[in-house]
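Based on the sequences and whatever the hints tell you, model everything.
These are the residues of each chain, in order.
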Amino acid sequence: MTALLALLLFAVPALACASLLPGLDPVGRLVVSTSAAIVIVAGTAQIMLMLGAWSPGAGLIAVLTLSAALATAGRARRHPHPPAPPPPRNEAEDNDEDAWLYQD
Amino acid sequence: MTVREARDPAEGAPRDGTAVPPAPGAGRTALIAVAALAALGAGLFWIPLRGVDLEAMDGYGLISVLPAATLAGAALLVAAFMATLALPRPHRPLLAAQLLVLTVSLHGVAQALEPNARFPTVWQTAGFIEYISRTHTVSWDLDARFSTPGFFAFIAFVMNAVGQHDIEPLLRWAPPVTNLLYLVPYALILRTLRATWRAKWFAAWLFVAANWVGQDYLSPQAFAYLLYLFFVAILVNWFRHHHETARRAGRRRAGGTAERRGRVRRVYDLAFGPKDPGELPPPQAPVRERSVLLVLLFVLLLVGTAAHQLTPFLMTAACAGLVLVRRCGLRGMPFIAGIVYAAWVSFMTVGYWSSRKGEIFGGLGKVFTNVRQSTGGRISQTSAQTADVQQLRIMIAAVVVGLAAAGLLRRRARGIDDRVALVLMLVPFSSFGLQNYGGEIALRIYFFMLPAACLLIAYLFFPAPFDAPRVRDPRVRLRLGRLRAGSRRHWPAVAAASVFALALTGGFLAVRYGNERYEQVRKDDVRAFDVMLDAREGPVGVVWLSAENPDLVGGTPVMPWSYRDWERLSYAPVIANRGDPADISPIVQGLKDQGPSGYFVTTRSHEDFQVLTAGLPADYGDRMRRALASSPEIQTVLSTRDAAVYRLRNPPPAPVAEVPRPAGLGMRGSPWTPAGLVYLPVLLGVLLARELRRLRLPPGETRRLRPLTVLAAPLLVSVVAVIVERFVVIS
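Those protein sequences? They're chains W and F, same order as listed.
Residue numbers for the first sequence, in the UniProt record's numbering: 1 to 104.
Residue numbers for the second sequence, in the UniProt record's numbering: 1 to 731.
Everything labelled a hint here was simulated from the structure, so no lab data went into it.
Note that beta-carbon positions come from the ideal geometry of N, C-alpha and C, so glycine has one too.
Possibly wrong hints are sitting among the right ones.
[What the hints assert, rightly or not] If you want the footprint, here are the derived chain F segments under chain W, 3+ residues with CB under 8 Å:
(1) 141–152
(2) 155–162
(3) 187–198
(4) 228–234
(5) 277–289
(6) 296–302
[Said to hold, decoys possible] Ranges of calculated distance between the beta carbons of each label pair, as one might list FRET restraints:
(7) F:P286 to W:I61: 30 to 36 Å
(8) F:L426 to W:R75: 40 to 46 Å
(9) W:I61 to F:S487: 58 to 64 Å
(10) F:Q589 to W:A53: 44 to 50 Å
(11) W:I47 to F:V656: 24 to 30 Å
(12) W:A69 to F:S487: 52 to 58 Å
(13) F:P492 to W:P26: 33 to 39 Å
Given below as structure tokens:
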């Protein structure tokens, strides 16, 4: 039960962060969201400690609020996404007029 | 340059699932055979462990009592994984499952066998966490580790939030869990590399099996290491240059037309000659995503700095190294990281540096002393068996470094320039001159080197950037062509890698739990501290026996000391009389010095530690305990086989110690400090805005960053001035 609760504690901020990163590949998005969830929870605890306002309940609310804010930000900016820009071309090749000679 | 852009379909990098279509029939049989082999190995490893007698353990540690079947099971697990690598295409679920089983087996075997969470130091982590949960603050004057309390606060918060009040399961199962977590960012690092799937999966396997240093327990170091891996993974995935350069062959002198040949030229080419980058082109991500990732990098830095004192330095160095070799586009990031680190040290760890300015900077540059203390210096007075284990550790570390260097050279000989791996391999060495770190810095360096070292070792066996084709041109005569073409062309490399993998696994089981004789924590060890804390209110002065002067060797009791009620416990060592264990007069004197709160505590693990590492006679503990029990001055509070607690029958009424009140983070002020507290966030904001702006600029337009640079420069000077002023004024 506690393991499930702990999983939930990390899953909520992770999902919120994942909604902020629609442009990443799935694996990258998953890993980045995991790391973001960890630092959000750890950062909340650290800030509570430094401000002298230690309270696990308030911390939980802070994590949830932050997750909600992130999810809202992710949702607000979710518009039909333009296709990814083409990879930048090698300028050296573009400038070189004889470049076509060496392409195979 | 087509080589870089061409993505070979058989390359099988974990990012694309399109590989060669499977061969029906034969492939499936091999797959089932490999899975069965792995299952058999896991069964052989775990089932015989029921009958293990931990009491029969000798100075070689856990390996001396592990049944032969368990060792055979470990060998089978290795063989099954290597057989999977020999298959013609990657079977990711099977490989991942085996990696999981291996991690749990190697890093969980002692935890499963022992009645309590192993190894005394983790119990101090429990003490810090308990202190924060109870007092809701920290106390910088109790321990230097309270100056970087991020990790303790994190665990305390999570435990309180989910209602888990017993920390023991966390302490116990942290090593396998953290090792599994490390694999997550490591996979992200691996996928950016130009290598075959065999090299990548073998590197991941090595990362689990070569991590014998035991820094993966529930500790700030283990947590900060995870953050470090995430930090590096995000950097190398999304913040590399648009087009990276390695020196390429000039058009006139490419390949066969090179005129200058000879040995010198070949060595020169190996080092500086034209190469292809060892990394794949970075995955494309929209600017908005990269901005979010940049902010995440910054938060990772902040949290890492608040959690551990060494890791942020390595984050800074890794980032700077990647920038220097042009594998990271965030040129301002090392400055941000360095400022965050310096500011934390200046503002938050005052209690630590103010009292020992000389000592900290004394460690600077004393590289040779550090080498000796970290490696050989640890072996002086130890018993033969413990010394063997230590030698084996040094040997494994040396072999790992040597093979990694060989792997790097082999890739270079193939014309591949592994700059990311090289930087990550070299960066940890920069911390050598930094700080003495209790003679432990060599272990840390090995630990931080591992991600790159494992990768380079995998390259030694599988150096190709993509799979060699199955069919070769029949007109070209290959030396040993039969081994190098056809469906079995990978077998020789896999066989060589298997030999190394088997040796490494054996070495792991020997050295990881090589000190288990004194690193296990028995139920009565914890009980001894409960007895002392429950017997009276207020402070407890713990007297403990040390064979050597602990002020010189930096020793602490090998017990779960201070696992709760940190502020009530204080410690006073007495130095053992080597000649006569029955001479208890130093102990009695030590107890008298503690006044009414004095207790003498000894445990079997602690006695074994003194015997194995400091050369006390084997029966020293027993004879000492007999003498204590029979002394009229001493009252026995607890006496079991594993632990004993004694106190004076008539303790003196003075001195009475005070229980220190929580002192907080101890951020002390100086005249310029308020200004620093204003400048610092502004400076970090400007630098972060500068990096965010850089992401939006087209390549080559960096001069448009100048306004922000001009704004940042005076702020930087001010912050540095405040840091220097604090260091000079506060003492």
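Now for the hints, and whether the structure bears them out:
1. 141–152: Satisfied; 3 residues make the cut.
2. 155–162: holds (count 6)
3. 187–198: holds (count 3)
4. 228–234: holds (count 3)
5. 277–289: Holds: 7 residues of the segment 277–289 of chain F have a Cβ under 8 Å from chain W.
6. 296–302: holds (count 4)
7. F:P286 to W:I61: 30 to 36 Å: 32 Å, holds
8. F:L426 to W:R75: 40 to 46 Å: This hint holds: roughly 44 Å between Cβ atoms.
9. W:I61 to F:S487: 58 to 64 Å: With a Cβ separation near 60 Å, I61 of chain W and S487 of chain F satisfy 58 to 64 Å, so the hint holds.
10. F:Q589 to W:A53: 44 to 50 Å: At roughly 46 Å between Cβ atoms, A53 of chain W and Q589 of chain F fall inside 44 to 50 Å, so the hint holds.
11. W:I47 to F:V656: 24 to 30 Å: 38 Å, violated
12. W:A69 to F:S487: 52 to 58 Å: For S487 of chain F against A69 of chain W, whose Cβ atoms are near 55 Å apart, the range 52 to 58 Å holds.
13. F:P492 to W:P26: 33 to 39 Å: 36 Å, holds
When each numbered hint is compared with the structure, a violation occurs for hint 11 only.
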